[in-house]
Amino acid sequence: MVFIQQDNGKVADVSVELLSKARDLADQLNVSVTGALMGSNMNKEAEKLIPYGVDEIFLIDDKRLENYTPMPYTKIMIDVIKNVKPQIALYGATTTGRDLGPRVASNLKVGLTADCTSLQIGDYSSGGVDYSNILYQIRPAFGGNIVATIVSPKEKPQMATVREGVMKVGTPNPEYKGKITPYSINLSDSDFPSVVIKKIKEEKLIDLKSSQVIVSGGMGVGSKENFDLIVQLAHVLGGEVGASRAAVDAGFVTKEHQVGQTGTTVRPKLYIACGISGAIQHRAGMDESARIIAINTDHEAPIFQIAHYGIVGDLNDVIPKFIKAFKAKN
Amino acid sequence: MGLNLIVLVKQVPDTQNVGGDAMKEDGTVNRAALPAIFNPEDLHALESALVVKDENPGSTVSVITMGPPSAVQVLKDSLYRGADFVALVSDRKFAGADTLATSYALKCAIEKTGNYDIVFCGRQAIDGDTAQVGPQTAEKLGINQITNVSKIESIDVKKKIIQARRSIEGGYEIIKAPFPILLTITDEGYTPRPPSVIRVMAYKNASAEMAEKGYDESYIDSSVQRISETAISLWDINAIGADVGSCGLAGSPTKVKKIESIILKSEDIKMVENTEDSISDMVHSLITDHTLG
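First to last, the sequence lines map onto chains A and B.
Anchor point for the first sequence: position 314 equals 334 in the working numbering, and the numbering is continuous, going up by one each time.
Anchor point for the second sequence: position 50 equals 885 in the working numbering, and the numbering is continuous, going up by one each time.
It should be emphasised that the hints constitute simulated quantities derived from the structure, not laboratory data.
Heads up, a few of these hints could be off.
[Claimed, not checked] Calculated cross-link-like contacts (lysine to aspartate or glutamate; reagent style EDC-like; alpha-carbon spacing at most 20 Å):
1) K221/A with E1023/B
2) K986/B with E222/A
3) K1092/B with D143/A
4) K347/A with D1116/B
5) K344/A with E1108/B
6) K349/A with E988/B
7) K1093/B with E222/A
8) K1105/B with E320/A
9) K349/A with E1108/B
10) K1093/B with E320/A
11) K349/A with D1112/B
12) K1011/B with D209/A
13) K344/A with E1023/B
14) K1092/B with E175/A
15) K1011/B with E86/A
16) K341/A with E1095/B
17) K289/A with D1103/B
18) K218/A with E988/B
19) K221/A with D307/A
20) K1092/B with D150/A
21) K1105/B with D307/A
22) K289/A with E1023/B
23) K1011/B with E76/A
[What the hints assert, rightly or not] According to the in silico footprint, chain B covers these stretches of chain A (three or more CB under 8 Å from chain B):
24) 166-174
25) 322-330
Think of the CB as a built atom: it goes at the ideal place given N, C-alpha and C, for glycine as much as any other residue.
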């Protein structure tokens, strides 16, 4: 089962990604894919999801559910899970999913693994007991120094949150037969203690996700001033500016530019990593880029191990040469 | 009219400054090699609670942490910065707790403090980045929550209503909700105050062991208010009335199946010399295969 998140009446991208992944997992387990969708007048949006291989969507329609707030959503999700009894429940690792998932897990006393980068099915043995067809919840941990495979073998559902952009959207099949089932639950006004007074959209000036070329800077850039060079290269190549968490934490650039497990996951045609050592949390957000160029003074930096082109050198020296070469060719 | 404010904090290994000896040969984490620090966003949570206290005289700030005895350091730090009461929840039976078992123990500890209005936590801890313990604790307490709070906009003590700014993707929302409530605080809206010299003098020798002996240093500065004679309370599993089966490894549904040190994809990498000619050749092949341009 997937918690289908809607924002202002539109289904979130991550929910479509998760439904696609759920189809894949369900085929291996020979079970069905279901979704829970809460909101107001969401029928049309729900219909659009069936072609991704969704067998049944439980639709909870209530004007008061237009905006996400934790208490009513938690109550509904718990109720749906208790009735439908899915083996697996997935949530987007969005501010909504990360608000809701832990409450549901806490109430049902089941496991929840945050920010998974991969989900697989496999077997597990512990204390002389064999469990088959268990969900492997794989995520980087401990500051990105290790990758952990987590299982919740006993309790059902096995639950995980997955960051947007990590799972690929499947090919929709317009012939797929699934149904939308209205689901009702008694909600009184006391189930809605939180009131969303207003939502403010802050203009997002950068769009990492849809950019074909991303030039990213890390700690090796050294200073906020030096970061201009990253911006220049991105500008010349018609790309977007990215950054590692270290560069963001150091104040070189704002958080919207952060690529990685706790930032944006990107898959551009070209990713240029400048002065980025390549901690796994960063790599988790960019290692599926079609081409990766690594520029680093340290020839042993892990980033070189996933790069297609590597340049050992000072970015202050390399980038001007890059700009010059590109301008000469165009 | 004062408020009862509770802050949940955690001592974490400094995962941002990992050295070469951070991993043992068997692939497990060498905690001893990592410096232990106050989880950064928990400092912001503490600060937000202290600001609420400053604005509402008569309020008390109680700080609770769960961890090994060495975690008293974050409690001392909390005392230095202005906490009124601190408690260390520590017991071997809590070992191996995942977020669910942790939230259960914290719920028991919070309830032991008595009535409370607002529980503050950092948005997430840097050793796990899960952001789960806050919401899981709220659910166990049966109270409402606002996560990702960048700023508390206003508090109406009489009506017991809070209004807070919550960061969401691409902007923020303003949420209004009644007490009791749990908030998770981001690092956006508050700058943690430094330790106060007077309070450092008062509490520098405080320890959980001393608390048990009833050691009292309050003669150092009478302006420092003490809630009790003991500076740091030490609570074990019995003190908080927790059920053993719901704590530690036994109370944790998630199990670690496997831990791998990072094995990188080994792909063919083309090393390019840092010369104008070599870089120009690389740019040429990128344009040729339509990666660029």
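Item to check | Hint consistency between K349/A and E988/B [alpha-carbon to alpha-carbon, up to 20 Å] | outcome: The hint is violated at about 54 Å.
Checklist entry - Within a Cα-Cα threshold of 20 Å, do K218/A and E988/B meet the stated pairing? => result The given pair, whose Cα atoms are some 13 Å apart, holds under the 20 Å limit.
Checklist entry - Given the hinted pair K1105/B and E320/A, is their alpha-carbon gap at most 20 Å? => result OK: K1105/B and E320/A at ~15 Å, within 20 Å.
Next on the checklist: Against the 20 Å threshold, does the CA-CA distance of K344/A and E1108/B hold or violate the hint?
Outcome noted: holds, 16 Å
Checklist entry - CA of K986/B to CA of E222/A, is that 20 Å or under? => result holds, 16 Å
Checklist entry - Does E1108/B lie within 20 Å of K349/A when you go C-alpha to C-alpha? => result holds, 19 Å
Next on the checklist: For a C-alpha distance cap of 20 Å, please report whether K1092/B and D150/A respect it.
Outcome noted: Measuring from Cα to Cα gives roughly 13 Å; hence the hint holds.
Checklist entry - Under the criterion that the straight-line Cα-Cα distance not exceed 20 Å, is the pair K289/A, E1023/B satisfied? => result violated, 33 Å
Item to check | Pair hint K347/A and D1116/B, alpha-carbon separation not exceeding 20 Å | outcome: Answer holds: K347/A to D1116/B is near 13 Å, not above 20 Å.
Next on the checklist: With the threshold set at 20 Å, check whether the alpha-carbon distance from K349/A to D1112/B stays at or below it.
Outcome noted: Holds. K349/A to D1112/B sits at ~13 Å (cutoff 20 Å).
Checklist entry - Are K289/A and D1103/B close enough, with their CA atoms no more than 20 Å apart? => result holds, 17 Å
Next on the checklist: Just to be careful, I want the Cα atoms of K1105/B and D307/A compared with a cutoff of 20 Å; is the pair within it?
Outcome noted: The given pair, whose Cα atoms are some 16 Å apart, holds under the 20 Å limit.
Going through the hint list in order, the structure does not satisfy hints 6, 7, 10, 13, 16, 19, 22 and 23.
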